Every structure is written in structure tokens, then in C-alpha cells.
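> Now for the letters of each chain:
Number of protein chains: 2
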Amino acid sequence: MNNSSRTDLSTLGEFGLINRIKSNTSLRNKESIIGIGDDAAVLYKNENEYTLLSTDLLIEGIHFDLTYCPLVHLGYKAVIVNLSDIAAMNGIPQQITVSLAISNRFSVEAIDELYKGIEAACKKYSVDLVGGDTTSSKTGLLISVTAVGTVSKQKLTLRKGAAENNIICVTGDLGAAYMGLQVLEREKQVFLANPDMQPELFGKEYIIQRQLKPEARTDIIHEFLSLSLQPTSMMDISDGLASEILHLCHASDTGAIIYEEKLPIDPMTYETAREFQLDATTCVMNGGEDYELVFTLPLSDYDKIKNHPSITVVGYMTPKHEGVKLMSRGGNLYDIKAQGWKHF
Amino acid sequence: MNNSSRTDLSTLGEFGLINRIKSNTSLRNKESIIGIGDDAAVLYKNENEYTLLSTDLLIEGIHFDLTYCPLVHLGYKAVIVNLSDIAAMNGIPQQITVSLAISNRFSVEAIDELYKGIEAACKKYSVDLVGGDTTSSKTGLLISVTAVGTVSKQKLTLRKGAAENNIICVTGDLGAAYMGLQVLEREKQVFLANPDMQPELFGKEYIIQRQLKPEARTDIIHEFLSLSLQPTSMMDISDGLASEILHLCHASDTGAIIYEEKLPIDPMTYETAREFQLDATTCVMNGGEDYELVFTLPLSDYDKIKNHPSITVVGYMTPKHEGVKLMSRGGNLYDIKAQGWKHF
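Protein sequence lines correspond, in order, to chains A and B. Number 71 in our numbering belongs to position 52 of the first sequence; there are no gaps in the numbering. Number 226 in our numbering belongs to position 207 of the second sequence; there are no gaps in the numbering.
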């Protein structure tokens with residue numbers, strides 16, 4: 020290796036690194052339909068279907084904190100984040116592999132707890148655990164999950180494909196997982212200061228559950244089918260709505276306008292944000308880990324979803340030159356900027 | 020979690036842990052054909068083919084040592100070990116995903132080197148890098164690779180399926196990767212004791228290459244096709260021949276006899292083992308990381324492979340009650356016992 024120049028990884032950031040890898044990659048195989056850059060890779064399966072492939076790495080001390088994340092929930096969540104990526108392509112997950120690196124401080128009983136959560140997620144989503152690798156780790160716990168899913172060729176939905184005037188929809192409510200994390204972090208600090216204190220989580224159950232035990236919106240994928248809806252673009256909300264809207268606009272070559280007053284925020288999220296002197300909208304836009312879906316539809320589909328209890332229209336796609344904007348309650352336009360996760 | 024009992028992971032070992040996970044797992048999905056327990060999972064693809072799925076985790080300080088393993092080779096090897104698992108099912112690899120956890124001590128240039136190796140392996144084996152995940156790590160480097168391959172339904176080869184009197188064949192030569200590791204470890208110690216010393220690797224090129232830059236025997240999979248050979252059982256040799264023979268016998272419900280004098284050992288492996296006062300046969304049986312294939316064939320296929328330069332017949336399958344034995348050069352029978360890797 021040439022050591023003459025050294026560029027710090029932080030100068031690239033995660034998305035920069037992904038783009039760098041992607042730009043050095045070409046697809047040779049006619050069965051590789053779509054590679055790096057969407058929520059999942061798309062592979063040829065048969066005449067009617069594609070195989071979807073998605074993978075995520077969860078690392079102790081970076082993605083989770085075992086002080087407040089029970090292993091059974093961690094196992095569950097590690098599966099969910101991957102199933103969510105398959106759903107984001109309008110696909111149905113079918114199999115997962117789970118690889119673990121485990122340090123000696125974990126007992127067999129602890130690993131059983133972790134797998135209990137993995138198995139619970141598999142059962143709920145009718146997914147099979149079909150493989151993996153286990154090894155020791157010198158430090159903490161590491162979980163690498165790969166999910167495989169299927170989508171019919173006509174249903175495949177990418178980040179690109181949205182058009183001007185398409186409506187932008189999100190599922191569920193947003194920002195709750197982030198506020199749940201704030202509560203858990205606060206109680207951890209209280210506990211560290213005084214180990215006799217019991218954590219005060221009463222009245223915060225919903226947002227804590229959203230953080231510790233998220234769900235993947237495969238239910239919405241089935242609804243799309245029964246409502247004959249074909250999203251024009253879609254991804255899952257893992258890094259916060261701001262980051263995801265920017266991805267959809269970038270891939271689809273559009274601008275967008277999001278209305279602050281339309282953002283679906285649970286009252287508990289809102290109250291807790293106030294308690295923490297945080298702006299709820301900022302939590303929604305930049306919080307992350309909601310694992311809801313954001314997708315676009317032709318305006319003509321509006322009637323099909325306008326009364327749907329789990330779908331909210333939050334804005335629409337605009338011409339690219341109009342930029343990606345948030346219209347505040349006060350009627351001011353702000354540029355949407357990604358924060359997402361900064362790993363490096 | 021119930022903390023009342025605590026069982027150390029080391030009491031289970033890696034295979035014990037895999038068996039424990041496997042026994043708690045059931046397949047719900049009719050498209051999940053074979054789950055945990057073979058070299059790769061087998062999934063329904065279409066009328067004529069199965070999809071193969073394999074995953075491996077490589078961790079700094081456990082699976083590799085960057086003191087003597089250049090990043091470009093590490094990237095190459097991380098891909099190869101997974102392609103080897105696909106070959107072991109008589110399949111052809113088509114895509115991989117690569118996830119990385121990287122600490123700040125790695126520069127962009129270092130990651131470029133790693134991907135140069137990944138890309139070189141992809142190019143050589145006509146495989147596409149289609150996805151992955153990148154994140155920071157608190158300590159070292161971690162690589163998680165998942166490989167996807169295809170096998171025609173009639174060609175799928177499992178660990179089970181061998182019958183009594185089937186001949187046992189191996190590809191290439193064995194034990195070289197292990198001896199290469201011994202040389203590299205020795206030179207590392209010399210270097211640590213005196214950083215001015217240059218490593219003495221002259222004359223050890225082949226075995227060092229076998230350790231640092233192994234290959235996957237997809238060439239043999241193509242040969243099977245052209246020779247109209249259908250192995251009755253197969254796996255790749257990653258943990259040493261002893262461990263793999265035991266797996267094949269266990270899965271196929273057979274015994275086996277392996278002839279020490281037949282084991283294919285490169286002269287450099289043999290010489291180096293002598294130099295280190297190691298028994299070359301032990302290195303072959305328990306060394307690991309050769310990434311050759313071991314497979315069984317009906318005796319009637321013997322003529323097709325007897326003069327093949329890359330295939331050696333090392334023994335045959337026996338009735339289960341005769342056990343799994345090594346016949347020494349001196350004519351003594353020894354039980355074959357697995358050592359493999361002990362991670363915990």
C-alpha cells in the first residue's frame with residue numbers, strides 16, 4: 020500500500036464512502052439487475068419475479084447500548100431493519116441469515132435471549148432463519164443480518180421513479196423512535212449517577228417501544244396489492260425523513276415540498292420533545308430509526324389513500340429547480356438538509 | 020433475562036452453538052429448501068434452479084492479522100471464502116454483498132486497497148458486488164460477506180448423500196495455507212523482536228500465497244459439468260480435512276477411511292512442516308483455510324478422475340459402524356477427530 024497520502028475517512032462520510040465504492044463497481048452478470056444504491060439489491064429470480072437482497076451491520080456501542088436494550092429486543096430489531104429494506108422495494112421478505120461476533124462476556128443464556136428475539140421477528144413476518152456465521156469478538160457484540168425477499172417484476176419500486184406532482188406519503192408516525200432513545204439515554208445517565216434509582220419510563224411506553232422494538236411495514240406492501248396501488252418511488256425511513264426525501268428527489272431528479280403541519284407525530288413524541296426542549300419537527304426530519312415507509316403516488320391515487328389510517332400525505336414532488344423544501348407552520352420555506360447518521 | 024444461571028459460551032463451542040441455533044429453528048416458507056447446516060442455504064429460484072446463500076464474518080485479531088496480511092489480499096480472501104461455500108454446493112457464485120465496520124485508524128486509501136482486492140476477486144470469478152453496509156467500529160476492522168449463487172436442481176450437492184464405497188476425493192493440495200500462516204507468524208515475531216529485520220519469505224512463496232490469497236475451486240464445478248460428474252456429497256475444506264470428513268460422514272451416516280499416503284501435500288508444505296517440527300499429516304488434517312473441495316463419487320466414476328491433475332482420491336466411505344479412520348503410512352488405523360477452529 021502506498022502510504023504517501025492519507026485521507027481521513029471522516030472527509031468522505033458514510034454516503035461519500037458508499038458512492039466511492041459504487042463508482043468503482045460495475046455489474047458483469049446479466050442476473051444482477053440493480054446493485055449498490057437502493058434499499059436492496061435486485062437480482063433475477065425467474066420470468067415473473069426478482070430476488071431482493073439487503074444487509075445491515077449492528078455494532079455494540081454504535082448502534083445499540085445493552086445498558087437499556089434487552090437482548091431479546093436487539094435480536095428482534097436486527098431482523099426488522101433488514102425486513103424494512105425489503106418492504107421498501109415493495110417486496111416481501113422470505114429468509115434471513117444472521118452472523119454474530121460475540122465476546123466471552125456473553126453467556127449461552129444471553130445468546131439464547133438474542134435468538135429468542137430473532138425467532139420472534141421471523142415468526143411474526145413468516146421469515147426463515149436459513150444461515151449465518153458465529154465467531155468470537157475481542158470486544159463487544161456485533162450482528163450482521165442479510166435478508167432475502169421476493170417482488171413481482173411489475174411491483175418492484177425503486178428510489179427513482181417519482182415525477183413532478185406525485186404526492187409524498189409516509190406510513191405511521193415519525194420521530195417517536197428518536198424521542199424514545201432520548202428518554203432511555205436520560206434514564207441511563209440517572210442510573211449511572213445513582214444505581215439505586217429506578218428508571219422512570221412510565222407514560223413513555225409507546226416511544227420506548229418504537230425505539231427498542233420497531234416493526235417493518237410489510238402490512239403496507241400487502242395493502243398496496245389489495246388497493247391496486249403502485250408507488251412511483253419508495254424507501255424506508257431509517258435515517259430521518261429529511262435524508263430519505265433528499266434520496267428520493269436525487270434519484271428521481273425532482274424537487275419536493277413537505278408541509279410541517281402534515282407531519283404525523285404522536286402526541287407522546289410531541290410532549291416528550293417539549294420536555295427535552297427539542298423541536299418535534301426536527302426530531303421527525305432528522306431523528307431516524309422509525310422504519311416507516313416514505314413513497315410517492317400519482318395524484319390520481321389520492322382518493323385511494325386519503326382516509327387510510329396508516330398513511331399520511333405530507334407533500335408533493337416539484338420540479339428539480341425548485342429544490343427540496345419544508346413549508347413551516349408559519350408559512351416560511353426552508354431548505355431540507357440531511358443530517359442522518361454520521362459514523363465516521 | 021433470567022440471570023440466575025450462566026453457562027459459558029466455551030462449553031458449547033462453535034459447532035455446539037450452531038446446533039443449538041439450528042435446533043430452535045424451523046422453516047415456514049416453502050421457498051426455503053435447506054436452512055442452517057450445510058455450506059450454503061438453498062432457496063427456491065425457479066423451475067430449474069435453486070438460489071444458494073452463504074455468509075462469513077472475518078474479524079481483525081481473530082481471522083486476520085494486518086501485520087502481515089495486506090488489505091488488498093484481505094479483501095480478496097474475504098470474497099473467496101464465501102465463493103468457496105457456493106462451489107461446495109456444486110453451484111456458481113453470482114453476487115456478493117460486503118459489509119464493513121471500520122475504525123478511524125483506517126484511511127480512505129486503506130479502504131480503497133481493501134476494495135481493490137474485493138474487486139479483483141469479483142472480476143476473476145465474474146461475480147458482482149451488489150450491496151453492503153458500512154459503519155464505524157470502536158476497535159478493529161470487520162468484514163461480513165454474503166454470497167449468492169445458482170445451482171441447477173439436478174446438480175445441487177449437499178454434505179449428505181454419500182454412500183458406502185463411494186470414493187473420497189480432494190482437489191489441489193492441502194496443509195499449505197496452514198504452513199504459510201506458521202511462516203508469517205514466525206516472521207512477525209522476528210519483526211516484533213527487531214523491527215530492522217526484513218522478513219525471510221524467500222522460498223516460501225507458494226505456501227504464503229495459499230494463506231494470503233486462496234482461490235475458490237469454481238473451476239472444478241465447471242469440470243464436473245464437462246465430465247458429467249455428479250458428486251454424491253461435497254463441502255469445502257476450511258477447517259481442515261478431519262473436520263470436513265467428519266461432517267460428511269455424520270450427514271451421510273457413513274464411516275470413512277482416509278489413507279495418509281494418498282494425501283496431496285506440496286513439497287514446500289512438507290519441507291516447512293519439517294522445519295517447524297510439525298507433522299505434515301496433522302497440518303493437512305487440522306490446519307484449515309485450504310478452500311479446496313472434498314467430495315465423494317460412486318466408484319464407477321473412478322476412471323473419469325483418476326488422471327485428473329487437480330483431483331486426488333484419498334479414501335472411501337465405509338459403513339457407519341466402522342468409524343472414521345486414518346490409515347497411517349505404517350499401516351495403523353487411527354480415529355479421525357476434529358479440531359477445527361475453537362473460537363470461544
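These aren't lab readings, by the way, just hints derived from the structure by calculation. Treat the hints with care, since some could be wrong.
Copies of the same chain look alike in the list, so a pair counts if it works inside one copy or between any two.
What the hints assert, rightly or not - With a Cα cut of at most 30 Å, we get these calculated DSS-like pairs of lysine-lysine:
1. Lys135 x Lys41
2. Lys344 x Lys207
3. Lys143 x Lys49
4. Lys339 x Lys281
5. Lys325 x Lys207
6. Lys179 x Lys135
7. Lys281 x Lys207
8. Lys41 x Lys142
These numbers come from a predicted model, not from an experiment.
> Each of the hints needs a verdict: does it hold here or not?
Evaluated hints:
1. Lys135 x Lys41: between (36 Å within a copy, 13 Å between copies)
2. Lys344 x Lys207: neither (36 Å within a copy, 57 Å between copies)
3. Lys143 x Lys49: between (34 Å within a copy, 16 Å between copies)
4. Lys339 x Lys281: within (22 Å within a copy, 70 Å between copies)
5. Lys325 x Lys207: For lysine 325 and lysine 207, neither the intra-copy (41 Å) nor the inter-copy (67 Å) Cα distance is at most 30 Å.
6. Lys179 x Lys135: For lysine 179 and lysine 135, the Cα distance is within 30 Å only across copies (29 Å; inside one copy 37 Å).
7. Lys281 x Lys207: Neither, since 33 Å and 62 Å both go past 30 Å.
8. Lys41 x Lys142: Between copies only: 15 Å across chains, 34 Å inside a chain, cut-off 30 Å.
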